[in-house]
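Enquirer: Here the protein sequences line up with chains A and B, keeping their order. Position 189, counted from 1, in the first sequence is what our numbering calls 490; the numbers after and before it change by one each time, with no gaps. Position 150, counted from 1, in the second sequence is what our numbering calls 451; the numbers after and before it change by one each time, with no gaps.
Any given hint could be a false lead.
No farther apart than 27 Å at their CA atoms in a straight line, the calculated lysine-lysine pairs in the DSSO-like style are these [claimed, not checked]:
#, chain 1, residue 1, chain 2, residue 2
1, A, Lys-422, B, Lys-456
2, B, Lys-456, A, Lys-352
3, B, Lys-422, A, Lys-422
4, A, Lys-422, A, Lys-456
5, B, Lys-352, B, Lys-422
6, A, Lys-456, B, Lys-352
7, B, Lys-456, B, Lys-352
8, B, Lys-422, A, Lys-456
9, A, Lys-422, A, Lys-352
10, A, Lys-456, A, Lys-352
11, B, Lys-422, B, Lys-456
12, B, Lys-456, A, Lys-456
None of these hints come from the bench; they were simulated from the model.
Protein chains: 2
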Amino acid sequence: MGRWQPNARGRLAEAALALYSERGYEQTTVAEIAGRAGLTERTFFRHYADKREVLFDGSGALQELFVDAVTGAPRSAAPIDALAAGLAAICPMFADRREHARRRQAVVMANPELLERELIKLASLSATLADALRRRGVAEPAASLTAEAGVAVFKVGFERWTAAGEERELSQVLQESLTAFRAVAAGGRADSAPRTGPAAP
Amino acid sequence: MGRWQPNARGRLAEAALALYSERGYEQTTVAEIAGRAGLTERTFFRHYADKREVLFDGSGALQELFVDAVTGAPRSAAPIDALAAGLAAICPMFADRREHARRRQAVVMANPELLERELIKLASLSATLADALRRRGVAEPAASLTAEAGVAVFKVGFERWTAAGEERELSQVLQESLTAFRAVAAGGRADSAPRTGPAAP
Numbered sequence: 302m303g304r305w306q307p308n309a310r311g312r313l314a315e316a317a318l319a320l321y322s323e324r325g326y327e328q329t330t331v332a333e334i335a336g337r338a339g340l341t342e343r344t345f346f347r348h349y350a351d352k353r354e355v356l357f358d359g360s361g362a363l364q365e366l367f368v369d370a371v372t373g374a375p376r377s378a379a380p381i382d383a384l385a386a387g388l389a390a391i392c393p394m395f396a397d398r399r400e401h402a403r404r405r406q407a408v409v410m411a412n413p414e415l416l417e418r419e420l421i422k423l424a425s426l427s428a429t430l431a432d433a434l435r436r437r438g439v440a441e442p443a444a445s446l447t448a449e450a451g452v453a454v455f456k457v458g459f460e461r462w463t464a465a466g467e468e469r470e471l472s473q474v475l476q477e478s479l480t481a482f483r484a485v486a487a488g489g490r491a492d493s494a495p496r497t498g499p500a501a502p
Numbered sequence: 302m303g304r305w306q307p308n309a310r311g312r313l314a315e316a317a318l319a320l321y322s323e324r325g326y327e328q329t330t331v332a333e334i335a336g337r338a339g340l341t342e343r344t345f346f347r348h349y350a351d352k353r354e355v356l357f358d359g360s361g362a363l364q365e366l367f368v369d370a371v372t373g374a375p376r377s378a379a380p381i382d383a384l385a386a387g388l389a390a391i392c393p394m395f396a397d398r399r400e401h402a403r404r405r406q407a408v409v410m411a412n413p414e415l416l417e418r419e420l421i422k423l424a425s426l427s428a429t430l431a432d433a434l435r436r437r438g439v440a441e442p443a444a445s446l447t448a449e450a451g452v453a454v455f456k457v458g459f460e461r462w463t464a465a466g467e468e469r470e471l472s473q474v475l476q477e478s479l480t481a482f483r484a485v486a487a488g489g490r491a492d493s494a495p496r497t498g499p500a501a502p
């Protein structure tokens, strides 16, 4: 990257997301993305393998932060607490990124190919988390289940964080998601119906 | 289906899985599958949309059994117990099918396109389970989290059931998976390391 292209990567990502939102992912070409960013196609391909990759740029960094925090949790921490440390560690990545995340979420959900890629990335995150937990001495199936739980809490929490009208911080929404998850597993109802009452069976 | 094709569907599925296992999914054609089954390509396409669908034939039935059991659980049952009823309900589908499931699992895991399809099917199961739970009065995010938990327990348990050397019944392995899941969420270690002891921190 020469100095005549300050933050080319970020500009390309922003241009891509704007075009995907305006006219749809499939209808957008790399040439158009580069043009919108005021850059060349060649510059695009110096940063991204294809127009799909622009949307998954942060996946590697997210996985690294998450797994490093799980690995670095105190040796005495229970698996679920190591997981909570991982969830807390990724939140700074999304500071001031809610609008970006909302637009990205809408684009990904609207395209089956992108949704499949998203699911593959989450499955990869789960497999890597399970590895990290096994290295902490967590046995199977607990390691895999804790990893799956972590991805579920992140996925459900993240979707809530990007929902229209949601204004709480990501850390708070993920914490709520983890708490609800634990309540559910403990046999709680976590619902609007009364647990006992005069209703007919 | 005429009476000159007894169980054409099952024969096609068996032939497809045998060929995918022997020579690989990508290298197998529909013509070869039909030939191995002693049937025509036309008959193949009367039963399956393409060679990928053969491997996902049971997904709809599994989803239906799972969701019906969750829906039909006693009104007083906690979400996690409705989920347990769903897990129990699908087990009969796999009676005497472990070898088939093992071969299918190996084929799916070896092919990224099939793995993506598998993940999409599991995501669809999760979404349908969450719907069923919301109809039971379970609030969000508990409904989505319980659904994700159900898919995680099924996925991890099913993989263990198909692992080499595993001889326990599916119902038992899924029960173990659910129990481990609940222990993990409750903050258990479920691992080989001692929870307390004389070890240095």
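Enquirer: Tell me if the straight-line CA distance from Lys-422(A) to Lys-456(A) falls inside 27 Å.
Expert: holds, 12 Å
Enquirer: Going straight from one Cα to the other, do Lys-352(B) and Lys-422(B) come out at no more than 27 Å?
Expert: holds, 16 Å
Enquirer: Holds or violated: Lys-456(B) with Lys-352(A), Cα cutoff 27 Å?
Expert: Distance ~31 Å between Lys-456(B) and Lys-352(A) Cα, so the pair is violated.
Enquirer: Has the given pair, Lys-422(B) with Lys-456(A), been kept, meaning a C-alpha gap of at most 27 Å?
Expert: holds, 17 Å
Enquirer: Do the alpha carbons of Lys-422(A) and Lys-456(B) lie within 27 Å of each other, as the hint requires?
Expert: holds, 17 Å
Enquirer: Are the Cα atoms of Lys-422(A) and Lys-352(A) separated by 27 Å or less?
Expert: Measuring from Cα to Cα gives roughly 16 Å; hence the hint holds.
Enquirer: Between Lys-456(A) and Lys-352(A), does the CA-CA distance stay at or below 27 Å?
Expert: Holds. Lys-456(A) to Lys-352(A) sits at ~23 Å (cutoff 27 Å).
Enquirer: Below or equal to 27 Å on CA atoms is what counts here, so check Lys-456(A) against Lys-352(B).
Expert: violated, 31 Å
Enquirer: Between the alpha carbons of Lys-456(B) and Lys-352(B), is the straight-line distance 27 Å or under?
Expert: holds, 23 Å
Enquirer: Can the restraint linking Lys-456(B) and Lys-456(A) be considered satisfied, given a maximum Cα separation of 27 Å?
Expert: Roughly 17 Å separates the two Cα atoms, so the pair holds.
Enquirer: Measure nothing beyond the straight line between the CA atoms of Lys-422(B) and Lys-422(A); if it is 27 Å or shorter, mark the hint as holding.
Expert: holds, 16 Å
Enquirer: Could you grab the alpha-carbon distance between Lys-422(B) and Lys-456(B) and see if it respects the 27 Å cut-off?
Expert: holds, 12 Å
Of the numbered hints stated above, those contradicted by the structure are hints 2 and 6, listed in ascending order.
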